[in-house]
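Asker: Here's the letter readout for the chains.
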Amino acid sequence: MLAMNYRGPLRVRIDQKPMPEILHPQDAIVRVTRSCICGSDLHLYNGSVPDTRVGMTFGHEFTGIVEEVGSEVTKVKVGDHVLVPFNIACGQCVFCKQELYGNCHESNPQATAVGGIFGYSHTAGGYNGGQAEYVRVPYANVGPTVIPEGMDPDDAVLLTDVVPTGYQAAEMGGIQPGDTVVVFGAGPVGIMAAKCSWLFGAGRVIIIDEVEYRLEFAKNYAQCEAYNFREFGDPAVFIKKQTDWLGADVCIDAVGAEATGNALQTITGRKLLIQAGSATALHWAINCVKKGGIVSIVGVYGPTDNLVPIGNVLNKGITIRANQASVKRLLPRLIEHVQNGILNPKGLITHRIPLEEVSDAYRMFSEKLDNCIKPVLIPPSARI
Amino acid sequence: METTPNKYAHIIGWGIDADPKNDPTYPMRNRAGEEEKGYTWTRPTQQPVNIEVHHSIERPNVTAVFGTAVPPSGLSGMIRRLAFKKSENDYGHWLPLILADRVNVVEGIIEDIKNGKFPNIPAEKGMKAEWQHNRGGLLRQLAVTAIIGYGIVAYFRAKKRREQEDYDY
Ligand SMILES: NC(=O)c1ccc[n+]([C@@H]2O[C@H](COP(=O)([O-])OP(=O)(O)OC[C@H]3O[C@@H](n4cnc5c(N)ncnc54)[C@H](O)[C@@H]3O)[C@@H](O)[C@H]2O)c1
Ligand SMILES: [Zn+2]
Ligand SMILES: [Zn+2]
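First to last, the protein sequences are chains A and B. Going by the numbering used here, the first sequence opens with residue 1, and the numbers climb by one from there. Going by the numbering used here, the second sequence opens with residue 1001, and the numbers climb by one from there.
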């Protein structure tokens, strides 16, 4: 089968690889119909996630047809078209029982701090991902969800990560009616977080990035204010001025380790890798939020340490809330929102690219070429 | 749950201000009332361990399922093996893993060549996309690289000539 193959930082290509096999009685094999590239993949692509091994296939946002199931699989059957949450979760451990499906304790032997994730290095379990024609899906009784009748696969594929992550970013913000929410990062996740902030009753939503076309897109898609941090000088001063000198009620970090905007952070976090990514957006979020406010983090950082003004977190009495999105927990509500036209996920997709052109697709998304917001890869065997 | 207050009966005031609604993690986390039972859940069937799979020393076992993408091999595999002797709490775990990743890139190139396939690195880096959508930027970058390269060569040529001239005196 055809599969994306990681060869080293900034180097990926399409190759023939062996078909995946059932390795556990709760496994399913899925023939991929849609597979996205995500901002999270860029951390792998840039070589900043430890234990990313050459030869691995990435991809944690995918839909597909069930082709084969193990002996213990009862919830899906051959022929079902499913969307597969990016978290691999057992449904039985103490964390899954609390619906913390992103924190399962039975899906990643290599690290206790992070649950299993498809195609996300050996630090997240060593699973090959869905940027391929076929993929092994463990715990098929838990994650995979049959795509509801009539739902566009392009909407479904974004329900595997972007929509729940954006929604949970807003949810963790504990937004109260009338609150001012500042979202850092106008990538797919930040745009969705801005959109979802309204659903919790935000009074004002501001999104911040440096990429003009993304800001323009966000302004229309999420009906929010959008500002370019290259233009307004110091972000903390700018946000204070915007908020009667008090700061935002809620700040959302939807950037993570690849942040730009501060040379010291960029050099130590992205070039020298002496911190776990550049924490510029998180730094700004902490310094832009009001006293007693909430910082919600969905931007991903590596497993070591980051330079953040933790003293200000203390002095301002800030609450920090963060997690990998718990996709399965949120799916029922989000499917409803999509069916009722409250959310329009596929509106984020700007590029539909054959899986065979995966090298160019990564470059395009990473370098923000051709006004790319969200690229989706389509394998030749997708047939829909 | 009934037994818990008895367990703390010797502590005056135990639990009098408990407010289960004051849970900053809600609604991310829906407490099931079993959190205090520890590692006692019925585990899923164990996936057979018939490849080398590392597990964090912060847990006693391999999880019920695990990925088999790229079992450790070669020099990078040796470094990874050493890294897994340290906990996730230790730089001695993560820094060797990053080193192993870099060694692994060289191993990947050697493996490609052994398989009779010289990697087309510009293609892997998606230069076609760059050429299609950012031709100006790409050409500028190539020009800058060329100028810097020419500058370095010219500098060393000149230096060598000067040294020779010094020698001639
Ligand atoms: N927690 C989760 O479950 C989860 C799930 C999916 C993605 N993520 C993470 O969310 C983040 C965003 O994902 P994405 O797909 O939107 O990525 P993306 O790379 O497309 O978007 C990130 C955006 O942030 C902008 N940016 C960079 N530095 C900034 C700064 N200092 N201030 C404001 N904006 C800045 C970039 O220009 C870019 O537009 C990534 O870190 C990703 O790993 C987390
Ligand atoms: Zn993702
Ligand atoms: Zn679990």
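For the record, the hints were derived by calculation from the structure and aren't laboratory data. The beta-carbon is built from N, C-alpha and C at its ideal position, and this holds for glycine as well. Heads up, some of the hints might be wrong.
[Unchecked claim] Simulated restraints on C-beta separations:
1) B:K1021 x A:L199: 31 to 39 angstroms
2) A:E336 x B:Y1091: 39 to 47 angstroms
3) B:N1061 x A:R383: 38 to 46 angstroms
4) B:W1014 x A:E367: 54 to 62 angstroms
5) B:G1137 x A:Q176: 40 to 48 angstroms
6) A:Q339 x B:R1031: 25 to 33 angstroms
7) A:G79 x B:W1131: 56 to 64 angstroms
8) A:G79 x B:G1149: 52 to 60 angstroms
9) B:N1022 x A:E336: 54 to 62 angstroms
10) A:E210 x B:E1034: 41 to 49 angstroms
Asker: Between the beta carbons of N1061 of chain B and R383 of chain A, is the distance compatible with 38 to 46 angstroms?
Answerer: holds (41 angstroms)
Asker: Taking 40 to 48 angstroms as the stated bounds, is the beta-carbon spacing between G1137 of chain B and Q176 of chain A within them?
Answerer: holds (45 angstroms)
Asker: Okay, G79 of chain A versus G1149 of chain B on CB: inside 52 to 60 angstroms?
Answerer: holds (58 angstroms)
Asker: Could you say whether the range 39 to 47 angstroms given as a hint is met by the Cβ separation of E336 of chain A and Y1091 of chain B?
Answerer: For Y1091 of chain B against E336 of chain A, whose Cβ atoms are near 46 angstroms apart, the range 39 to 47 angstroms holds.
Asker: Within 56 to 64 angstroms: is that where the Cβ-Cβ distance between G79 of chain A and W1131 of chain B falls?
Answerer: For G79 of chain A and W1131 of chain B the Cβ distance comes to about 42 angstroms; the hint is violated.
Asker: Within 54 to 62 angstroms or not, the Cβ separation of W1014 of chain B and E367 of chain A?
Answerer: holds (59 angstroms)
Asker: Given a hint of 31 to 39 angstroms, does the C-beta separation of K1021 of chain B and L199 of chain A actually sit inside it?
Answerer: violated (22 angstroms)
Asker: Taking the Cβ atom of Q339 of chain A and the Cβ atom of R1031 of chain B, is their distance within the range 25 to 33 angstroms?
Answerer: The hint (25 to 33 angstroms, Cβ to Cβ) holds, given that Q339 of chain A and R1031 of chain B are roughly 30 angstroms apart.
Asker: Quick check: does the Cβ-Cβ distance between N1022 of chain B and E336 of chain A fall within 54 to 62 angstroms?
Answerer: violated (29 angstroms)
Asker: Using the C-beta atoms of E210 of chain A and E1034 of chain B, is the stated range 41 to 49 angstroms upheld?
Answerer: holds (46 angstroms)
Consistency with the previously given hints fails for numbers 1, 7, 9, ordered from lowest to highest.
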